[in-house]
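Same order as they appear, the protein sequences are chains A and B. For the first sequence, this note's numbering assigns the number 1 to the initial residue and increments by one for each residue that follows. For the second sequence, this note's numbering assigns the number 1 to the initial residue and increments by one for each residue that follows.
Just so you know, these hints were derived from the structure itself, not from any lab. Keep in mind that the hints are not guaranteed to be accurate.
[What the hints assert, rightly or not] Cut-off 30 Å, straight-line C-alpha distance, at most; resulting in silico cross-link-like pairs (DSS-like, lysine-lysine):
#	chain 1	residue 1	chain 2	residue 2
1	A	K15	A	K86
2	A	K30	A	K86
3	B	K69	B	K127
4	B	K69	A	K67
5	B	K127	B	K90
6	B	K127	A	K89
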Amino acid sequence: MELSSSDVADTRVVKVIDTRIDAAVAIQFKDAMRAETEGGPERVVLDLSEVSFIDSSGLGAVVAAKKLLNGSHVLELAGLTPVVDKVFKLTRMDSVFAIHADVNAAVPALAS
Amino acid sequence: MIEVEAGATAISVHFMSDTFEVRSSLQALMDDMEGRDYLPEERGTVELVLAEVLNNVAEHAYEERGDGKIELDMSYVADGIAISLQDFGKPMPGGQTPLGMPANLDVEVDDLPEGGFGWFLIGELAKDLVYERRGDANHLTFRMTLGAS
Numbered sequence: 001m002e003l004s005s006s007d008v009a010d011t012r013v014v015k016v017i018d019t020r021i022d023a024a025v026a027i028q029f030k031d032a033m034r035a036e037t038e039g040g041p042e043r044v045v046l047d048l049s050e051v052s053f054i055d056s057s058g059l060g061a062v063v064a065a066k067k068l069l070n071g072s073h074v075l076e077l078a079g080l081t082p083v084v085d086k087v088f089k090l091t092r093m094d095s096v097f098a099i100h101a102d103v104n105a106a107v108p109a110l111a112s
Numbered sequence: 001m002i003e004v005e006a007g008a009t010a011i012s013v014h015f016m017s018d019t020f021e022v023r024s025s026l027q028a029l030m031d032d033m034e035g036r037d038y039l040p041e042e043r044g045t046v047e048l049v050l051a052e053v054l055n056n057v058a059e060h061a062y063e064e065r066g067d068g069k070i071e072l073d074m075s076y077v078a079d080g081i082a083i084s085l086q087d088f089g090k091p092m093p094g095g096q097t098p099l100g101m102p103a104n105l106d107v108e109v110d111d112l113p114e115g116g117f118g119w120f121l122i123g124e125l126a127k128d129l130v131y132e133r134r135g136d137a138n139h140l141t142f143r144m145t146l147g148a149s
């Protein structure tokens, strides 16, 4: 499970490099998110623009990451591709996360 | 190793209940669909439903053993695809597929559900789902409508 992160204007942007968050990587995802956010800014935006596929295990892992960070960080999402968007909408998890069209919308300082 | 047999109107894949074999099998099925007249989003929806039923077999029927045999047949029919899935693991509890209910999200962050989405997604996206236990095998069949949306 490969993630990369950078800080922009008090926000840590964590990008998922892999194209899938599925049962094969769900457990690693939570640990990788902990490592990428520890000691960093409170606001975390997870950039999912490279992720073309997520299943219910992957969705559970994103929820688990939100719960893990809760208290020290706020986790928001950006760049949901069609299948990922569908999974969040069908399960109504889109009502639980702040979701941005892309990282530029989530962090306006990036766009300028 | 996964075994793939692709024909003009159907594809059959035999593999083990290991998460990476499941991934490779899904990839083989998606590669086969890619050569046909479906939109990327339709393929993604099929992949999602197949991933959910296969993860269920791997986790529950074979209890994460990783070496259970799975046989999946996908047929291209007039209005979409028809799936027939066979495994030789434990039967479904109560002899039927779980009722997929929407999760209760009106809770504190710490109480949000991390699972239980699988059968709900299958129920929302698949049609004519039939489960049967035949001898020592589980048989699951369903259809997905594609193209008309």
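Can you confirm whether the C-alpha distance between K127(B) and K90(B) stays at or below 30 Å? holds, 24 Å
Taking 30 Å as the top limit, are the C-alpha atoms of K127(B) and K89(A) close enough? holds, 19 Å
Given the hint that K69(B) pairs with K67(A), test it: the Cα-Cα distance must not exceed 30 Å. Given that 30 Å is the threshold and the Cα spacing comes to 36 Å, the pair is violated.
Check the hint pairing K69(B) with K127(B) against an upper bound of 30 Å on the C-alpha distance. Holds: K69(B) and K127(B) sit about 25 Å apart, inside 30 Å.
Hinted pair K15(A) and K86(A), Cα distance within 30 Å: holds, 20 Å
Could you grab the alpha-carbon distance between K30(A) and K86(A) and see if it respects the 30 Å cut-off? Within the cut-off at roughly 22 Å; holds.
Of the hints listed earlier, the one the structure fails to meet is number 4.
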